[in-house]
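Novice: Residues per chain are reported as follows:
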Amino acid sequence: DAGITQSPRYKITETGRQVTLMCHQTWSHSYMFWYRQDLGHGLRLIYYSAAADITDKGEVPDGYVVSRSKTENFPLTLESATRSQTSVYFCASSVGVGAIAFFGQGTRLTVV
Amino acid sequence: QKEVEQDPGPLSVPEGAIVSLNCTYSNSAFQYFMWYRQYSRKGPELLMYTYSSGNKEDGRFTAQVDKSSKYISLFIRDSQPSDSATYLCAMSARNAGGTSYGKLTFGQGTILTVHP
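Chains A and B, in that order, give the protein sequences.
13 is the number of the first residue of the first sequence in this note's numbering; add one for each residue after it.
769 is the number of the first residue of the second sequence in this note's numbering; add one for each residue after it.
Hints listed in this document are in silico derivations from the structure and should not be mistaken for laboratory results.
Certain hints may be false.
Cβ-to-Cβ under 8 Å is the rule here; a few derived chain B residues that face chain A [as the list claims (entries may be wrong)]: (1) Asn-795; (2) Lys-810; (3) Leu-815; (4) Tyr-817; (5) Gly-822; (6) Lys-824; (7) Gly-827; (8) Phe-874.
Glycine residues also receive a C-beta, built at the ideal position from the N, C-alpha and C atoms.
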């Protein structure tokens, strides 16, 4: 099915471990985004990408790394996970005109 | 102070009520305004989209944008239990190229419960 697929849907990891969240879209949208959602903060932008090999920081980038070697994939890596990174992570994509973003189902990450 | 402020509620109404959800913002560059609906443990889905000021109606939903007051609203008429969800306002400014690539600033979200 077309759309955005995030994996895994749920993840528990230990403090200090590296973890990668995957995002794959089938629309060939140019723009892709990573948001985190926390109670009291809504959705906050972590990183975004305008095209393959073009990425930029959002509002809360510290502790995260992204890459985009292919248009359809936009993985998010937590280099050394901390408890404050316990959150629900959403990947989104956009065609680039009109500002409409389409979201994946989310990855619920718990850092213990 | 946050760029976008939204009352988190929670808001509880009886079935059939008119619901009013609101957001205020401070960035005068915002030109694209959206409302997303998010069911529990799901991703946000676009509900309404408005460019610049004005009203837009889609079935039981009406979105209003007042740029002079930096205030947007979503009205739900004849609310149904299936409308129970978190409603997120979101907005975006034009980028340098004259379009907007979907980089959104969100409100905190309002949790709505419609009880039978």
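Novice: Next, verify each hint and record whether it holds.
Specialist: Here's how the hints hold up against the structure:
Below 8 Å, beta-carbon pairs count as interface contacts, and B:Asn-795 has none with chain A, the closest being about 13 Å; its hint is therefore violated. Proximity of B:Lys-810 to chain A holds as hinted, the smallest CB-CB distance being about 6 Å (cut-off 8 Å). A cut of 8 Å between beta carbons decides the hint on B:Leu-815: the least distance to chain A is about 11 Å, and the hint is violated. Here the hint on B:Tyr-817 is kept, as its CB sits about 6 Å from the closest CB of chain A, short of 8 Å.
Annotation: interface hint on B:Gly-822 violated; nearest CB of chain A at approximately 16 Å, more than 8 Å. A cut of 8 Å between beta carbons decides the hint on B:Lys-824: the least distance to chain A is about 14 Å, and the hint is violated. At a threshold of 8 Å, the smallest CB-CB gap from B:Gly-827 to chain A is about 18 Å, leaving the interface hint violated. At about 4 Å, the closest approach between the beta carbon of B:Phe-874 and any beta carbon in chain A falls short of 8 Å, and the interface hint on this residue holds.
The structure fails to meet hints 1, 3, 5, 6, 7 from the earlier list, while all remaining hints are met.
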